[in-house]
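Chemist: As a plain string of letters, each chain reads:
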Amino acid sequence: MGRDNHASRVARHVIASMLVVTVFAEIATMTGCAFVRGKYGDQFDATDIESIKKGVSTRTDVAMHLGAPDRILEVNEHEIFQYYNYDVKSGTLLFLSRTNIKGQDLYIFFKNGVVDDVVFGKLKPTPKFQFWPFGD
Amino acid sequence: MFYQRPAILVLLFLLFLCIPGCPIRWQRVTLNYSIKADDVSFIVPGHTTFREVLEKLGVPDQIKHSKIGPITQYDFLDTKEFKVDLLSALPLVVPAVAVVPGSYRQLELQSGGIGPDHFRVFFDSNWIVQSYAFEIHPQATEYMLWPF
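Chains A and B, in that order, give the protein sequences.
Positions 1 to 136 (our numbering) are the ones given, in order, by the first sequence.
Positions 1001 to 1148 (our numbering) are the ones given, in order, by the second sequence.
Just chain B, same shape as in the assembly (with noise of 0.2 Å):
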């Protein structure tokens, strides 16, 4: 049958991804360029100033009082959603169905996670680094095809 080549395969799917509305969507959004450790290696708590930090990293999202000293906060963020109807492509089986409207006829997954990831600097009230850390979740932002 036709059906058992796999170019016919591919092509139906790409029919069903083509199918006005959208019925499968792969959405990222991405605020900043994430910092690695490699960028952060030279800095040295005990030595390396807040001018230091601002050459190699570019200026901080957010500069914070704590009773130490300031932390400044570089923030990225990633969010990946997958979503799928799985009853788009059914007025192409059963065009009766076409009859009833969009939204009565979906059935949607729809999955994701969003990222929130920070890299903090601790600082005395001299502007030396006391220390820094990364906060970051890498398994919160991935693509699920299942939401259950």
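In isolation and in its complexed conformation, chain A is listed as follows (with noise of 0.2 Å):
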């Protein structure tokens, strides 16, 4: 009776140890993790945007430092040149996966064919990398 007790302990503690040596195994060698970054469009360049002078520099003057616009906007009588760009981070840990996307943007006001005003202050804060995709 209690041989039979000890080897049925000793079985279960075989096959406890049987089953941890398993799952950090399997953790050890599996590849479910996983690091990507992506961007879209191109970082905004200070320098660029300080070589843009209100009142004085153009529409091709822009076009010149900062490329064609993504989007052009009709608002409030103004033309407005909208450049954007995206970055992305995304972290994957076997089961969980959490991807952050920021995107920043960067107006130029135009009246007559003359910039008038830019807009392009507060940065957001670059995305993280994270796992957790739970809470905030």
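Calculated from the structure, these hints are not laboratory results.
Among the clues, some could well be false.
What the hints assert, rightly or not - The calculated SDA-like cross-link candidates involving lysine to any residue, where the alpha carbons are at most 20 Å apart (straight line), are:
(1) Lys124(A) - Lys1036(B)
(2) Lys1064(B) - Ile72(A)
(3) Lys1036(B) - Asp136(A)
(4) Lys102(A) - Pro1116(B)
(5) Lys128(A) - Thr1079(B)
(6) Lys1036(B) - Ala1089(B)
(7) Lys1083(B) - Leu94(A)
(8) Lys102(A) - Trp1146(B)
(9) Lys128(A) - Gly91(A)
(10) Lys39(A) - Val1029(B)
(11) Lys89(A) - Lys1036(B)
(12) Lys124(A) - Asp1038(B)
(13) Lys124(A) - Phe44(A)
(14) Lys1064(B) - Lys39(A)
(15) Lys124(A) - Gln1027(B)
(16) Lys128(A) - Thr92(A)
(17) Lys1056(B) - Thr126(A)
(18) Lys111(A) - Ser90(A)
(19) Lys1064(B) - Val119(A)
(20) Lys54(A) - Leu1054(B)
(21) Lys1083(B) - Ser90(A)
It should be emphasised that the depicted structure is a prediction, and the values quoted were computed from it without experimental measurement.
Two chains, each in its own frame: build the complex with the hints.
Modeler: What follows is the structure in structure tokens.
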């Protein structure tokens, strides 16, 4: 009787140990972990933006420094060139995955074909690599 | 029995999670950081200017035209998805099933939601704030274990 109990206890320990070893072996050898980084569009160059002068620079000057705009808007009697870019960071760990995307925008306001305002202020914080998909 | 012990059950669950092909997944995609009501408490309709909004909240994601005046829009998006394949562990229990191609022995439950949230500021033609509004869908993005 005592020997049977001892044998079943040993068997349970062996099974538990095998499970632990299997789980850790699986985790150690699996490929379920990834870091991914992607970008859409070029980051804004501060020197290019500083070279744009209000009341002086024309559409041609702006296009020469920043390239063709991603979008052209007509708002409040202003023509607006909009430039934007996106930064993507994605982390995957086993069964958890989180992707963070941040967009940055730059607006150049024109009045009668000349720059009236440059809207490029506080930058959004860069995205983080995260795995945890819960909470904020 | 050994399977009555919580630690062993946890280990079995971990083993289930480690099955190739990821039988279970929580996935989240976010665009920009959300703007909270506290962040916009400085806005006083009739007084606050476009410049002041830019300094505090940053450059908007969109500027739109309306008959009354311009509208700036800040976009933030939260997408959550939960997925589980209930039959992925079947070959562990019935090894003969392993000969069936993976896609033919799936019972996948998937659920989630997209919360396209926005914060809009309405200006008059002199770029003075007239009003502002949130468009938030907090219940659109929740992990749901059961899609039915």
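Chemist: If a hint holds in the structure, say so; if it doesn't, say that too.
Modeler: Okay, the hints, checked on the actual structure:
With a C-alpha separation of about 15 Å, the suggested pair lysine 124(A) and lysine 1036(B) falls inside the 20 Å cut-off, and the hint holds. About 11 Å separates the Cα atoms of lysine 1064(B) and isoleucine 72(A), which keeps this hinted pair within 20 Å; it holds. At roughly 12 Å between alpha-carbon atoms, lysine 1036(B) and aspartate 136(A) fall within 20 Å of each other, so this suggested pair holds. This hinted pair checks out: lysine 102(A) and proline 1116(B) have alpha carbons roughly 14 Å apart, not beyond 20 Å.
A distance of roughly 16 Å separates the Cα atoms of lysine 128(A) and threonine 1079(B); the hinted pair therefore holds under the 20 Å criterion. Between lysine 1036(B) and alanine 1089(B) the CA atoms are separated by roughly 43 Å; this puts the pair beyond 20 Å, and the hint is violated. Between the alpha carbons of lysine 1083(B) and leucine 94(A) the distance comes to roughly 13 Å, so the proposed pair stays at or under 20 Å and holds. Between lysine 102(A) and tryptophan 1146(B) the CA atoms are separated by roughly 31 Å; this puts the pair beyond 20 Å, and the hint is violated.
The straight-line distance between the Cα atoms of lysine 128(A) and glycine 91(A) is roughly 9 Å, inside the 20 Å bound, and the hint therefore holds. Only pairs whose Cα atoms come within 20 Å are accepted, and lysine 39(A) paired with valine 1029(B) is accepted, the gap being roughly 15 Å. For the suggested pair lysine 89(A) and lysine 1036(B), the alpha carbons sit about 23 Å apart, so the restraint of at most 20 Å is broken. Distance hint between lysine 124(A) and aspartate 1038(B) is fulfilled; the C-alpha atoms sit about 17 Å from each other, no more than 20 Å.
Between lysine 124(A) and phenylalanine 44(A) the CA atoms are separated by roughly 13 Å; this keeps the pair inside 20 Å, and the hint holds. Under the criterion of a C-alpha separation no larger than 20 Å, the hint pairing lysine 1064(B) with lysine 39(A) is inconsistent with the structure, at around 25 Å. Taking the CA atoms of lysine 124(A) and glutamine 1027(B), the gap is near 23 Å; set against the 20 Å cutoff, the hint is violated. A distance of roughly 13 Å separates the Cα atoms of lysine 128(A) and threonine 92(A); the hinted pair therefore holds under the 20 Å criterion.
Between lysine 1056(B) and threonine 126(A), the direct Cα distance comes to roughly 17 Å. Compliance with the 20 Å bound is thereby established for this hinted pair. Under the criterion of a C-alpha separation no larger than 20 Å, the hint pairing lysine 111(A) with serine 90(A) is inconsistent with the structure, at around 41 Å. Restraint check: the Cα-Cα separation between lysine 1064(B) and valine 119(A) comes to about 15 Å, which is no more than 20 Å; the hinted pair holds. This hinted pair checks out: lysine 54(A) and leucine 1054(B) have alpha carbons roughly 18 Å apart, not beyond 20 Å.
Of the pairs offered as hints, the one joining lysine 1083(B) and serine 90(A) holds, with about 18 Å between alpha carbons and a cut-off of 20 Å not exceeded.
In the structure shown, a violation is registered for the earlier hints numbered 6, 8, 11, 14, 15 and 18, in ascending order.
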